[in-house]
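What follows is each chain in one-letter form.
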Amino acid sequence: MKYILMMNARKEDWEAYAKWSKEDLQRNSAFMRSFSKELLDSGVFVATEGLGWPHEARMVRAGNDGEPVTDGIFPESKEFLAGYWIIDVESPEQAYRVAARASAAPGPGGTPGNMPIEVRQVLGGFADLGL
Amino acid sequence: MEPTVAKESSGVPIEHLLRELAPQVLGAVVRRFRDFAAAEDAVQEALLAAATQWPQQGRPANPRAWLTQVALRRMTDQIRSESARRRREDEAALIASLSADPPAPDPAPEEDDTLVLLFMCCHPALTPASAIALTLRAVGGLTTAEIAKAFLVPEATLAQRISRAKQSIRDSGIPFELPTPHERAERLRSVLHVLYLIFNEGYTTSAGSELQRVELSQEAIRLARILCRLLPHDPEIAGLLALLLLTDARRLARTNAGGDLVPLDRQDRSLWDRKQIAEGIALLSAALQKGSVGPYQLQAAIAAVHDEAAGAQDTDWPQILALYDLLQRMADNPVVSLNRAVAAAMVHGPAKGLELLDALSADSRIAGHHRFHAVRAHLLEMAGEREGAVHHYRAAAAKTASRPERDYLLMQAARLASQPPQLPE
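The listed protein sequences correspond, in order, to chains U and R.
Numbered by my numbering, the letters in the first sequence go through residues 1 to 131 in order.
Numbered by my numbering, the letters in the second sequence go through residues 1 to 425 in order.
None of these hints come from the bench; they were simulated from the model.
Check each hint, because a few of them may be wrong.
Label-pair ranges, simulated between beta-carbon atoms [what the hints assert, rightly or not]:
no.: 1; chain 1: U; residue 1: Pro68; chain 2: R; residue 2: Glu387; range: 40 to 48 Å
no.: 2; chain 1: R; residue 1: Met411; chain 2: U; residue 2: Glu118; range: 54 to 62 Å
no.: 3; chain 1: U; residue 1: Gly110; chain 2: R; residue 2: Ala417; range: 49 to 57 Å
no.: 4; chain 1: R; residue 1: Gly388; chain 2: U; residue 2: Ala62; range: 33 to 41 Å
no.: 5; chain 1: R; residue 1: Val262; chain 2: U; residue 2: Ile73; range: 42 to 50 Å
no.: 6; chain 1: U; residue 1: Ala18; chain 2: R; residue 2: Ile79; range: 47 to 55 Å
Cross-link-like lysine-lysine pairs, in silico, DSS-like; alpha carbons within 27 Å at most [what the hints assert, rightly or not]:
no.: 7; chain 1: U; residue 1: Lys2; chain 2: R; residue 2: Lys275
no.: 8; chain 1: R; residue 1: Lys399; chain 2: U; residue 2: Lys37
no.: 9; chain 1: U; residue 1: Lys11; chain 2: U; residue 2: Lys78
no.: 10; chain 1: U; residue 1: Lys2; chain 2: R; residue 2: Lys399
Quick caveat: nothing in here was measured; it's all calculated off a predicted structure.
Every residue, glycine too, gets a C-beta built ideally from N, C-alpha and C.
Could you put together the complete structure from these sequences and hints?
Written as structure tokens, this is what we have:
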């Protein structure tokens, strides 16, 4: 069963991240690299991407003429998707364990960031036979 | 089927021939070197070499000997740790010599090897995902890329599952031999389960959009046929093969032209594969006569009752209920209990089915499951309790992990909700 693990953050989290020390940034990116390798080595990796900063984000709706109407003003409290992993595991509990690993990515000073990770199942094709 | 020799191989597509030969060649190489993990890699390389060279240079007179020789050479190369350049030269020379002068066929007992390999790859020490991947590669002769595509995961991930599976085999010291009589029953159960999971994977991935993918259901059926041929006296193996055939026979009727799910009672039965149903029923009848009934035979028997009914209204529900009674006594499986509640409702009316569901609702393994809600919705609809049915169809839709099923459940809810209010009777 496939799950998507989504890391969400507010604009202020990005701004704080931009001010991390060099050591903190290096520690965090080293963790992310080894985390991806861990997922691959354990045979559960499907995909991962990081997303651009939310300052450039636009909300798009179709206008009456079908043309895009964009809006870039978001409340400060809005959470944006920062990045995601898709994994293929045998149980929801296994997905939660992987999510907890991602959540423990080191923050400033090397202490676990404990970022909230939203875990959702990816819908598949037909349901199993259930025999 | 006889061991492959040159004269019978010419008409068979190369992929089919390679898949059939893969476990035989692997068995021969493992016997020679006693290193399963390395031998499996070497055979995979030999298969890839054959897949690229044979279409261009023609098929060797003895394909099995060719593959074995190439794989053995790979093994020798690895052991000697020769340079990559040297390896290519040697291989070219070897292939030239093989094409010119085919060696005598290997007299190894390849049929036994296939069985040993199946038991090994489906060992209970492996996780299901690892066992499935390894079985498809080592016994099924599929490439890592083909298996990865079938499971919609990256090739590197699948390769990692295979190497982890081999690591588990190495760590647990599973010998390259048939299981002892003492552990045979458990090991065979594990083999049957892995084949069933492979079939289920093929059955659950949506059809149509992925034309390039290896048909996992067909592959599971092929492997079950091989197992059935190797162990013809075990009725549960025949039961599994019958179950797969009888279920797969309805494949075309399972979806409509738009890709929507069509439930069993509304399927166009003229689309069912009658030949496959006849084969499944013949296998099952022969198995049942052996007098050792197991869960796969019972599941196959239930599938057969559905397949034999000319229309949904002709279904012999009392017989299905009796089969579920037997099955429930054999295994503590809440999904079986749920299906039994449906059968009971069809025989004794929806009140009886709902009563069984109430009893099941204490079982945490199934109570929150989408299928539990779907069955409750269906039975409430039968009982004329429209609001409850709509509620449970929607609850089931919110919980299912299948998109076609979600769409179907929401459509059921919408259909019921839009009906005019019922008049009091």
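Taking the hints in turn, this is what the structure says about them:
1. Pro68(U) - Glu387(R): 40 to 48 Å: 42 Å, holds
2. Met411(R) - Glu118(U): 54 to 62 Å: 28 Å, violated
3. Gly110(U) - Ala417(R): 49 to 57 Å: At roughly 55 Å between Cβ atoms, Ala417(R) and Gly110(U) fall inside 49 to 57 Å, so the hint holds.
4. Gly388(R) - Ala62(U): 33 to 41 Å: Taking Cβ atoms as reference, Gly388(R) and Ala62(U) lie about 39 Å apart, which means the hint holds.
5. Val262(R) - Ile73(U): 42 to 50 Å: Distance hint for Val262(R), Ile73(U) holds at roughly 47 Å.
6. Ala18(U) - Ile79(R): 47 to 55 Å: 54 Å, holds
7. Lys2(U) - Lys275(R): 36 Å, violated
8. Lys399(R) - Lys37(U): 32 Å, violated
9. Lys11(U) - Lys78(U): 8 Å, holds
10. Lys2(U) - Lys399(R): Status holds; Cα separation ~15 Å.
Going through the hint list in order, the structure does not satisfy hints 2, 7, 8.
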